[in-house]
Amino acid sequence: MKNKEKKHEGLDRYIILAVFIFAASAAIIYNLAKIQIINGQKYKEESVYRLAATGSIYPKRGDIYDRNGVPIAGSRMGYCAQYVDVKMPAKEKNQMLLELIKVLEKDGKTIKSRLKNYIDINPVRFKTDAPETFIKNIAKTEEDAKYIITAEQAFQYMREKTFEIDPSYTVEEAFKIMQLRYEILLSQPQLNNPMILAEDISVEVMSELEERSSEFRGVTTFVKPYRVYYEAASLLPHVLGYVSEISADDLAKFNEELKDDENSVPYAAGDIVGQMGIERAAESLLRGIKGKTFREVDENGRTTTSYTEREAVPGNDIYLTLDVKLQKIARDALISNIQRIRTIKDKKNFHDADAGAVVVMDVNTGEILAMASYPDFDPRAFLENNTEAINAIRNAPNSPMFNRATSGNYAPGSTYKPLVAIAALETGTITPYTKIRCPYREEIGNMVFTNLEGDQGYINLEKALETSSNMYFYKVGVQTGIDNIVKWAKIFGFGNKTGIEIGESIGSLASKEYKKQNFGEDWYPANTAMASIGQLYNAFTPVQIANYVATIANDGKKYTPHLIKMAVDDDGKIVYEPSTEYTQIPAKQSTIDAVKKGMIAVTNKTDGTAASHFKDLPFKVAGKTGTSETGYESTSSSNGLFVCYAPYDKPEIAIAVVVEHGVWGAYTAPIAKEIIMEYFNLNKENNNNANQAAETIDIIW
Amino acid sequence: MKRFFTNKILVVLIVILLLGLAAVSYSEKSGANIISNIVSIPAAPLQKAVTFLDEKFKNFFGYFEDIKATKNENEELKKRISELERQVLDIERLTKENNQLRDALNFKNRYEEYEFLGASIIAKDPGNWFEVFTIDRGSKDGIEADSPVITAYGLVGRVSKVDLLTSKVVSIIDMDSTVSARLSKSRDLIVVRGDVELRNEGKCRADYIPPDADVLPGDTIETSGIGGIFPKGIIIGKVVKVVQSEGHYDSYAIIEPVVDFKRLEDVIVLKKK
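Line order of the protein sequences matches chains A and B.
Going left to right, the first sequence walks through residues 1 to 701 as my numbering numbers them.
Going left to right, the second sequence walks through residues 1 to 273 as my numbering numbers them.
Only chain A is shown next, with the shape it has when bound in the complex (with noise of 0.2 Å):
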């Protein structure tokens, strides 16, 4: 009995143990037919699914170089990181993502998230009133989400229920985390809309997010060429400008100009377009064309298929007009004068001179060879993204930022006398051998005016202009007329603008129009008296008044001034160039020699108001010097400015200074006289050239 009972419970044993097995087995068998037989095709789908994804290659924006082929802005390659959300458990996701962070942080990149626009820790505080829109985002249902009343609340919720982050992680980790997985959370970057997580990451950073890509999963990083600033930039700033990332306006405004344009490639969100100067004017003719990639990746998220849909196109290289070397002259002649005027005792200064600009043309062409404003600025700035430079930059008192030469709108003073005189001239008001008294006071319409140079007893043009004669002036303008005037001034293109590439100002003209649109008021005599000084309401360009003195150094043919001497692309084809055409002035050649020969007893007659300057050079050189008042004479010094163009009587060049609060025009003529011994080669020390050059132009002289 006893033996029977145990062979029972043996028995026993052995059916369960069976039971156990079967179902064990039944359990795989289930399991393996479940995998290959029932959902066998499925696998077998999915093993092959592909995912297509489109991406973009970024062309290179066109080089800039100087007219010798200096470079100026080129390109140099970058790296970025980009993520695609990928399916893994939480703790696995948080640990790679902070892995992720720390690897980034190397480079000093932080990631950008809209999360730290509405909470902060230490101590955990809403950073917004209105915290609502952040925590329907955060809360996994609505019914949570009226829980989450404080900032504290908000920070354990996200930790715990959003993100389910590791209590083993320090609340500063945590919110690394937290940062990137809102991010993530709000942007869902899948294949075609991958989240950029930095930009232009170091060679290292790149590197070590490559080699450990299996542990990355998602992250993949793309090449990308950004723009660099050479050396020569930093001379050149107004006229180069920057690139920055577009703005939601322009972005708008680029794409609405594109929009009939089939063949165009629209701006997206984060392109990098022009913001001021070349940069911005010939953004068209260096931005390139973005090509177009085409790829499939498998469930690993491994590219198995990919080709060019459209090819990049790189931008084009643009030359300037501009020449880097004659540019540093006039951009070091332009600091170290203003520093050196500053220094001059004159009961007229009040060493207030910090400011200016220089043109220097070329009469045959209208190229710009330099144009340099004063201060300036480091191009390079904006690119490094340094926003502790670029807001010093932005918020610096006198407007560094703001180009003089194109903008600047100065009273041309007395270089404007010989516009009066063409038009005196052409009126019939004077012939160049009229001579006319120039009394110490004299009324005029009913306003007395005195003259700065004192009794000068009769006195023709070339006298008048010699030695600056307000009183000359004063008489031939009021009987010439403001609408002659006016008229001339416009035909030299004064208040118009120039045409140059980069954004200019128009200035303003003083006429009758001038006067009633803007104060309502009649002109008056004296108002022409005025006006034909340069003063009241005339405020002119650097630049325009550069083309001004231009025209009249090649006989009246006026061209419209340009800093692009052409645009080449990527096989060497020239794709742009500027117009040669010009205009010529309906003067008379006796008008305009006339003039001339007022403007080279400027600078060469023991009277001339910048004779001192020009004595020792081997040619003549034809300069009017000009002293602007700014209505503020009590408290701050007058503008100085200088034209003059040379040589004498083979026009190359065209040059306009102007100094604010420069005290006198000519104080500020041996800024040209520097750019003029550069130009020709005359500065012996630092060229062979110089002792032929002088040479020849001993021989014209």
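Derived from the structure by calculation, the hints contain no laboratory data.
We treat Cβ as the ideally placed atom computed from N, Cα and C, and that holds for glycine.
It is possible that some hints are incorrect.
Claimed, not checked - Restraint ranges, calculated between C-beta atoms of paired labels, are given here:
| # | chain 1 | residue 1 | chain 2 | residue 2 | range |
| --- | --- | --- | --- | --- | --- |
| 1 | B | R93 | A | N31 | 52 to 60 Å |
| 2 | A | S56 | B | R93 | 51 to 59 Å |
| 3 | B | D260 | A | R13 | 57 to 65 Å |
| 4 | A | A18 | B | S120 | 41 to 49 Å |
| 5 | B | D260 | A | K34 | 38 to 46 Å |
| 6 | A | Y582 | B | K241 | 47 to 55 Å |
| 7 | B | S120 | A | Y230 | 51 to 59 Å |
| 8 | A | E262 | B | V243 | 25 to 33 Å |
| 9 | A | Y230 | B | R93 | 49 to 57 Å |
| 10 | B | V243 | A | A90 | 35 to 43 Å |
| 11 | A | A90 | B | N99 | 47 to 55 Å |
| 12 | A | E173 | B | G142 | 27 to 35 Å |
| 13 | B | V88 | A | E309 | 50 to 58 Å |
Fit chain B to the known structure of chain A by using the hints.
Using the frame of chain A, we list chain B on its own:
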């Protein structure tokens, strides 16, 4: 039989094992290392045996072919030629061996923080090339995931998965491989990747070559050492061709690895000391 089933411990063990297997086959992610160890440990000698037999058979038939060819040769002429050939081969072999040993020695000196662990390939994924393969070393030998794998010639790849006795190696021609590399001559940093097409030729590609980089076919490519996985200066391969795609700022190159991924038997795993 009865005794077998009455051995309670064994029975319980079998049940647990089966239940465990059942549980694992149920769950979606069957990546648990222990289980795969259980499977791969018994499988390892089997794979080894299969690979071994395969080799032997190849040799056996090759031998007959050789004899057939030899018989057709002129006896006297053959003697002289073979004598000379043997001399040449001897010299070549010795030079090669010398270089290899020298290279291996150099490696040792340069990678002091690593221990060199010889390993044999016991299995590989289907295909002509050793893209992903299994070696007979595992966690018991101290191998860790991401351990670099080399030969005396240069870089093979990295360990992607470690089991107790075996490890999976992902070679540099596999699509899952990315290596931070350097152009030995110009020192430019690039990225070497497996390519969907090139892997079928046993080659890989070098991406992110800067536009101004001085790179020509024949240039050597080595590991950069800054990617966090591979130590610096391991030879990867030579540039076969530089490709500049239109409109692309950077160019890429086709790389012929120094390691022959068609014939690969023994490798060295660099184990952190």
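Status of each hint after checking the structure:
Range check, R93 of chain B to N31 of chain A: Cβ separation about 54 Å, and the 52 to 60 Å hint holds. Against the hinted window of 51 to 59 Å, the Cβ-Cβ separation of S56 of chain A and R93 of chain B comes to about 53 Å, which satisfies the hint. At roughly 59 Å, the beta-carbon separation of D260 of chain B and R13 of chain A lies within the given 57 to 65 Å, and the hint holds. The hinted window of 41 to 49 Å between A18 of chain A and S120 of chain B holds, with their beta carbons roughly 43 Å apart.
The beta-carbon spacing between D260 of chain B and K34 of chain A, approximately 42 Å, falls within the hinted interval of 38 to 46 Å. About 53 Å separates the C-beta atoms of Y582 of chain A and K241 of chain B, a value consistent with the hinted range of 47 to 55 Å. A beta carbon spacing of about 56 Å between S120 of chain B and Y230 of chain A agrees with the range 51 to 59 Å that was offered as a hint. The hinted range of 25 to 33 Å is satisfied by E262 of chain A and V243 of chain B, whose Cβ atoms lie roughly 31 Å apart.
Checked against the given bound of 49 to 57 Å, the beta carbons of Y230 of chain A and R93 of chain B, roughly 56 Å apart, stay inside it. Our hint of 35 to 43 Å for V243 of chain B and A90 of chain A holds, since their Cβ atoms are close to 42 Å apart. Checking the proposed 47 to 55 Å range against A90 of chain A and N99 of chain B shows it holds: the Cβ atoms sit about 52 Å from each other. Separation of E173 of chain A from G142 of chain B is about 30 Å and conforms to the stated range, judged on CB atoms against 27 to 35 Å.
In this structure the supplied range 50 to 58 Å holds for V88 of chain B paired with E309 of chain A, their Cβ-Cβ distance being about 54 Å.
Consistency with the previously given hints is maintained throughout, with no hint failing.
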